[in-house]
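Undergrad: Chains W and P supply the protein sequences, listed in that same order. Under my numbering, the first residue of the first sequence carries the number 1, and numbering increases by one thereafter. Under my numbering, the first residue of the second sequence carries the number 1001, and numbering increases by one thereafter.
Bear in mind the hints are in silico, worked out from the structure with no lab data behind them. Idealized CB from N, CA, C, for every residue including glycine. Incorrect hints may have been included.
Chain W side only, calculated, beta carbon under 7 Å to chain P, not exhaustive [claimed, not checked]:
no.	residue
1	I138
2	L141
3	V153
4	A157
5	G338
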Amino acid sequence: MSSEVVEGFVYPNHEVFWGVLIVIYPYLVSIITGMVTVYAIAEFWRKELKDIEKLVVISSLPFVLSALLPLLLDLGHPQRAFEIYITPNFSSVMAVFGIVYLTELFALLGEMWFLFRVDIVRRAMNEENSVLRLFYKILTLGVYDTDEEAIKVDRKAIKILTGVELIAAWCLSYVSFLFGVVKSNPWWNTTILPVSFVFGGLAAGGAMVMLLYLLFTEFYRVDRKPEIISTLANYVFYFMLAAFALETINTILYAYKEDVAWAVIKLASTQLALPLAIQVIGSLEALLFLKYVCYKCNMGKINTPFIVIASITILVVVFAMRWNMVIGAQLIDYGLRGFVSYTPPLWGREGLIAALAVLMAPLIMLPIVAYFFPPYEKRVRAVL
Amino acid sequence: MKQVERSLIVFINILIIFIIAIFGLRVMGEEVYPGYADRIFGVKGIYGKSGEEKELEKEPIHAEGREDCRKCHQEIYTKSNEGKHSFDCQTCHGPLGEHPSTDMIVTNSREFCLGCHRSTIGRDPAAIRIVNNWEEHGKGRLCVACHDPHSPWFD
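Required output: the full structure, derived from the provided sequences and hints.
TA: This is the structure in structure tokens:
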């Protein structure tokens, strides 16, 4: 009896394992990096951004909390979610993420506590709702002094925690390029990638802060300050420019050298036509709009629709960048003998609906955080 | 300075809980003190196994291969051996599982066949039969309506 078994491979013999959820994961992480960096800029260099520091801190908390949501959905087994923190493994780059993430979370929580301490004490004494009063009383940790000395100490603690948080956030964004590099695709196997992706993340975070600034000022009826928008837009402009320029230079270099990566890009661009187009055209468009917004704000006018367009474009562009890296790295066969295609399903754990829910999660959490720690005092418009 | 002290106390308490959890689990496991938990509790290390191992242990493995299928399906086994589809039954039918008591899953859709027989860049036509005009060829019908999956016919 012959029992011949067909051996060998049918190329391309792989599939796309990391779907749209793994795209969202570095995306959220890079938004956190950007927001924390904006906070550090406000804390250390730009005194005119002091006005938005509470806003940035409370809005980065929901993003930090939901950063692990896509991973959890992708891997399943939520009962094991806690194991990453209590099984540190220093020989695995991915496992170090747990340590960096916890550092980031605790630094952010500490920073938030010191920043809102005066508010917490005030509300612990004056709150009418007894449950809320108890909540704030527990949060004060029994410290009620809010004199000049104590506030000075608070500021010092915030400065130290911001430094820790900044380092942690930049380390955190290394996971975003790890997802490209791990697949060892020649396109993404480049030393310039970490820098380029940190800059992309900074731009996305800054754009998110701009959007949230518009939203919060609308909700709390606070006057918008042109110099805040101008400074933010200026930073976002240069971050975006750096990210775009680095990627473009890299690609042009590949094309000039006729590198193996150029073959990969040529193959992949058939499958990634839309995200690549979004990345290039969107970057240029966002840069134009941002410079115009800056110019207008310097003259004291706030052009709200243009700010919204620029911010949303940057958020979409950075999402497209992450898509190109995570999905693009998996499309090409390692032997360069073909490619697979990827279309995310609509339903299911890895589907588009789940992805949208994960993307919306921080924005749903934000009002809850803002309810307990309002960034501004709500001003009621006088009705005559 | 009082607030800094208080917040540090809270932080250090959280840190201690984490460190206790880490070292507690390590001691229970096999990584740091191999066999330690076995000696104390008389059981295999609670944390010594990875999550996959724990999951896999629950399910007995049932992927015995084609020789196991032969016990009952001698006819199909012989037929398949002589034809072009002389690979393992699991390739299309999946692992055996609890088979005699449960039904096997048999997919007979066009997409399932085209998973291998569609033309793709780099797929070698010498190794595998490629249906280049699959959109027209036998349109609207299942592949298995004409081709016997156990011993497919070729011209």
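Undergrad: Hold the hint about A157 (chain W) up to the distance rule: shortest CB distance to chain P must be less than 7 Å.
TA: Nearest chain P Cβ about 6 Å off; hint holds.
Undergrad: Answer holds if the nearest beta-carbon of chain P is closer than 7 Å to that of V153 (chain W); otherwise answer violated.
TA: Constraint on V153 (chain W) satisfied, holds at 6 Å.
Undergrad: Using the nearest Cβ pair, does L141 (chain W) come within less than 7 Å of chain P?
TA: holds, 4 Å
Undergrad: Does the closest beta carbon of chain P sit nearer than 7 Å to the beta carbon of I138 (chain W)?
TA: violated, 11 Å
Undergrad: Taking the closest Cβ pair, is G338 (chain W) under 7 Å from chain P?
TA: holds, 3 Å
Consistency note: the structure conflicts with earlier hint 1 alone.
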